[in-house]
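Asker: If you want the building blocks of each chain, they are given just below.
Protein chains: 2
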Amino acid sequence: MDNFTFYSPTYFVFGKDEENNVSEYIKKFNGNRVLIHYGGGSVIKSGLLDRIKASLDSEKTEYHLLGGVKPNPRSGLVYEGIEICKDKNIDFILAVGGGSVIDSAKAIAAGALYSGDFWDFYQNTPVTEALPIGTVLTISAAGSEGSGNTVITNENGMYKRGAKGDCLRPKFSIINPDLQKTLPAYQTACGITDMLAHLYERYLTNTKEVEVTDRLIEALMLTIIHEGPRVVKNPDNYDARANLAWAGMMAHNNSCGVGRSQDWASHKIEHELSALYDCAHGAGLAVVMPAVFKYNLKHDINRFAQLAVRVWGCSMDFYNPENTALEGIERLRDFLISIGMPYNFETLGAKEEDIPKLAHTACYGDVNKGTVGGFVPLGEDDVKKIYYMML
Amino acid sequence: MDNFTFYSPTYFVFGKDEENNVSEYIKKFNGNRVLIHYGGGSVIKSGLLDRIKASLDSEKTEYHLLGGVKPNPRSGLVYEGIEICKDKNIDFILAVGGGSVIDSAKAIAAGALYSGDFWDFYQNTPVTEALPIGTVLTISAAGSEGSGNTVITNENGMYKRGAKGDCLRPKFSIINPDLQKTLPAYQTACGITDMLAHLYERYLTNTKEVEVTDRLIEALMLTIIHEGPRVVKNPDNYDARANLAWAGMMAHNNSCGVGRSQDWASHKIEHELSALYDCAHGAGLAVVMPAVFKYNLKHDINRFAQLAVRVWGCSMDFYNPENTALEGIERLRDFLISIGMPYNFETLGAKEEDIPKLAHTACYGDVNKGTVGGFVPLGEDDVKKIYYMML
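Which chain is which? The protein sequence lines are L and C, in order. Position in the first sequence (from 1) plus 314 gives the number in my numbering. Position in the second sequence (from 1) plus 314 gives the number in my numbering.
A portion of the hints provided could be inaccurate.
The list cannot tell twin chains apart, which means a pair is met if one copy fits it or any two copies do.
[Claimed, not checked] List of simulated lysine to aspartate or glutamate pairs, DMTMM-like, C-alpha gap at most 25 Å:
#	residue 1	residue 2
1	485	316
2	400	631
3	485	338
4	402	338
5	485	373
6	341	480
7	374	469
8	495	523
In short, the hints are calculated from the structure, not lab data.
Using the sequences plus the hints, can you model the full thing?
Answerer: Printed below as a string of C-alpha cells:
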C-alpha cells in the first residue's frame with residue numbers, strides 16, 4: 315500500500331425532510347451572505363427551491379440566486395457566479411442540485427477568491443483556497459457532495475477538465491433520498507453507471523496488497539448492482555434509494571481509493587464524448603467502460619478475474635482465468651443495458667467520423683500529456699482503437 | 315434506513331515515517347503549547363518519543379509530558395492531565411500510543427475545558443467542547459484514532475464507562491504501520507478481535523434495508539480475517555499491517571454504521587471483565603462474543619446466516635438456516651482461537667463466583683438502566699446466563 319493522506323471533513327446530514335433545516339447548517343458554518351446555485355425547472359417545480367428560501371428567510375439570512383446550470387456545466391455561468399460573489403461579498407455558496415450544480419459551485423467558490431482566471435485551476439494550478447460550500451443533493455451520481463473534485467466544460471473549444479482540492483470539499487451535504495423520487499429512470503440509470511465507474515477507476519490499480527480497499531470497492535459495487543435496478547423499476551423505493559445514495563457518496567469520497575494508484579482512463583475518454591455531444595456523462599461511461607476494460611484486460615487478468623468472481627458472481631475458470639475476466643466485463647455490459655443505458659456509438663448518438671478528433675483531444679487537448687489512464691497509459695492510437703470498439 | 319448525521323473531519327496521514335512530521339500537523343491545527351500523552355516503556359525504548367520531541371523541538375513548539383497510561387486507562391491519570399492543561403495553558407493534546415492513550419487524551423481534552431468533574435461526561439453529559447487532539451498511533455485496534463469515542467475505568471469502584479462527541483474526533487491521526495511491528499503477537503491478536511467486535515456490534519441491527527452498510531461491514535471483516543493471521547504469523551509484514559490498520563480505522567469511524575440501530579451488548583458485557591480482572595479488552599471480547607451471539611441467535615437467524623455465508627464462507631443450509639447461522643459463530647470462535655485468543659473464563663483468568671456481581675454491574679452499575687444491548691435488550695438474568703456460557 316502507498317503512503318497517503320485522507321481528509322473528508324464534510325458534515326453529512328442524511329434522511330427525510332432534512333433540507334428544511336438547511337439554514338441551521340449554513341449558520342453552523344458561518345454563512346451570512348449566501349449564493350444559492352441551482353439548475354433548471356425541477357428544483358423550482360418541485361417546490362424545493364421555495365422551501366430552501368423559506369428556511370433562509372426564517373433565519374433572515376441574506377441570499378442571492380444563480381440558476382441555469384446545465385448537465386456538463388459550463389465555464390460561462392462560472393464566470394457569472396464569480397462576479398456575483400465578488401460584487402455581493404458572498405461568504406457561502408449553497409448548491410442545490412446534482413453533480414453538475416455542485417461542480418459549478420466549486421468552480422465559483424475557487425474563482426471567487428482568486429485574482430486570475432478560474433480556468434487555471436482546471437489546468438493543474440492547485441486549489442488552495444475557496445469559499446465554503448454546502449449542498450442539498452438531488453441526484454446521487456457524481457459523488458461531488460462528498461468529494462473535493464469538480465469537472466467543468468470550457469465553452470471555448472467544448473472540452474471538459476477537472477480540478478481538485480481539499481478546500482473544495484463541502485462543509486455540509488444534505489442527502490434526502492426522497493428528493494430523488496421524481497428523477498426519470500434514465501437519469502437514475504446514468505447515476506448508477508457513474509457510481510460504478512468511480513469504483514472501477516479505483517479498482518484498476520497497479521499497487522499490490524490493497525485488500526482493504528479492494529474489499530470496500532467490491533462492497534459498494536455489490537450494493538449498487540443490487541439496489542440500482544430496484545430504484546430504476548420502482549422510483550418510490552426510499553430504502554433502495556437511500557442505500558444507493560450512501561454508496562454513491564462513499565464511492566467517490568476516496569475512503570476506498572486511498573493508498574493505491576488509480577486509472578481514470580474511462581472518465582477521460584468519456585469526457586470527450588459528453589463535451590462534444592452533450593450526452594449524459596453516465597451514458598457515455600456505459601459505452602466507454604466495457605471497451606476500455608476489454609482493451610486493458612491482458613495487463614492484469616487476475617485483477618479482472620477477481621472482480622468477476624467477487625462482484626459479478628462468475629465461477630473462476632482456473633484453467634483459463636482470462637475467460638472469467640472477460641465474463642465479468644460482459645456481465646457489467648449486460649447490467650448496464652438492463653438498466654437502459656446505451657451500449658455503442660449509435661445508441662449514444664456519437665459519430666464514427668469524429669473518432670480521430672476525439673482520440674487526439676483526449677490525449678493532447680489542453681493539459682493532457684499524450685496518454686490517459688494510470689492503469690495502462692493509453693496513447694492516441696490506443697484510444698482511437700478503443701473508440702472504434704464502441705461502434 | 316434511519317436518518318443520520320455523519321462527521322469524520324480527522325486528517326489521516328498514513329504510511330512509513332510520517333510520525334517525523336508530527337510538528338507540521340500540530341502547527342496546521344494551531345497547536346502551540348502541547349501536552350504529549352503516552353503510556354509506558356515501548357514508546358520510550360523504541361525511540362518514538364524522542365523522535366516526536368525532536369520534531370516539536372525543530373519547530374520550537376512548547377510541550378509538556380504526561381506518560382503512564384495503562385491498558386484500560388484510569389480516571390486518576392485523567393485528573394492529573396486536566397490539572398496540567400489548566401496549569402500550563404495547554405492548547406493541543408498529542409496522544410502517542412494505542413486506544414488507551416487516545417481515550418485518556420480525549421478525557422483530558424474534554425475535562426480541561428469543563429468546570430465540573432470530567433466523569434460527568436461518562437455519565438451521559440454531552441461533550442460539546444474539548445481541546446484539539448492529534449494522535450500518533452502505535453496499535454491498530456480500538457479505532458479511537460478516527461472516532462469520537464472514549465472509554466475510561468473509574469478507579470473508584472473499577473468500572474468502565476464510555477463518552478462520545480464529535481469534538482473528540484482527532485484533528486489529525488498519523489498511522490504508520492511500521493510502528494506496530496514490535497507489538498507482541500498476543501497484543502496484535504487482541505487488536506484484531508476488537509476490530510471484529512466493532513463490526514459485529516454494528517452488524518447486529520434491527521433496522522431493515524441496510525445493504526450498503528451490511529456490505530461495507532462484511533468487506534472490513536473479510537479484510538481482517540485475511541490480513542489478521544498474516545500479521546500474527548509475520549509481524550514484519552508491512553502490507554498486511556497496513557491493510558489491517560485502515561480496516562481498523564474504518565471499522566470504528568462509523569461510516570459503516572450509519573443509519574442503523576447497533577448492538578454493543580458484547581462491549582458492555584466485556585467491560586466488566588477487563589475492569590475487574592484488568593485483562594486486555596480484545597481478549598475479553600474473544601470470550602464474550604460467541605456466547606452473546608449464540609444467546610441472541612434466534613432473535614434474527616437470517617442475519618447471522620447472512621454473515622456466515624458472506625463472511626465466513628459457510629454454505630447456506632436452506633432447509634435449516636439456523637445451522638448456517640450457528641456455523642458462522644463457530645467459525646468466528648475457531649478463528650479467534652487460531653490467533654491465540656482465550657475462549658473461556660479459565661483461559662481469560664476470570665472467576666465463576668464473580669458472575670452474579672458482573673451481571674449486576676453490567677446491567678445496573680452507574681448509568682446503566684437495567685438492560686444492555688440494542689439488538690436484544692438483555693436483562694441481568696440474561697447476562698448472567700451469558701457469563702455462565704463462557705465457563
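Asker: Each hint: holds or not?
Answerer: Against the structure, the hints:
{"no.": "1", "hint": "485 to 316", "in the structure": "between (28 Å within a copy, 22 Å between copies)"}
{"no.": "2", "hint": "400 to 631", "in the structure": "neither (61 Å within a copy, 66 Å between copies)"}
{"no.": "3", "hint": "485 to 338", "in the structure": "both (13 Å within a copy, 24 Å between copies)"}
{"no.": "4", "hint": "402 to 338", "in the structure": "within (22 Å within a copy, 36 Å between copies)"}
{"no.": "5", "hint": "485 to 373", "in the structure": "within (19 Å within a copy, 30 Å between copies)"}
{"no.": "6", "hint": "341 to 480", "in the structure": "both (21 Å within a copy, 18 Å between copies)"}
{"no.": "7", "hint": "374 to 469", "in the structure": "neither (37 Å within a copy, 51 Å between copies)"}
{"no.": "8", "hint": "495 to 523", "in the structure": "between (40 Å within a copy, 17 Å between copies)"}
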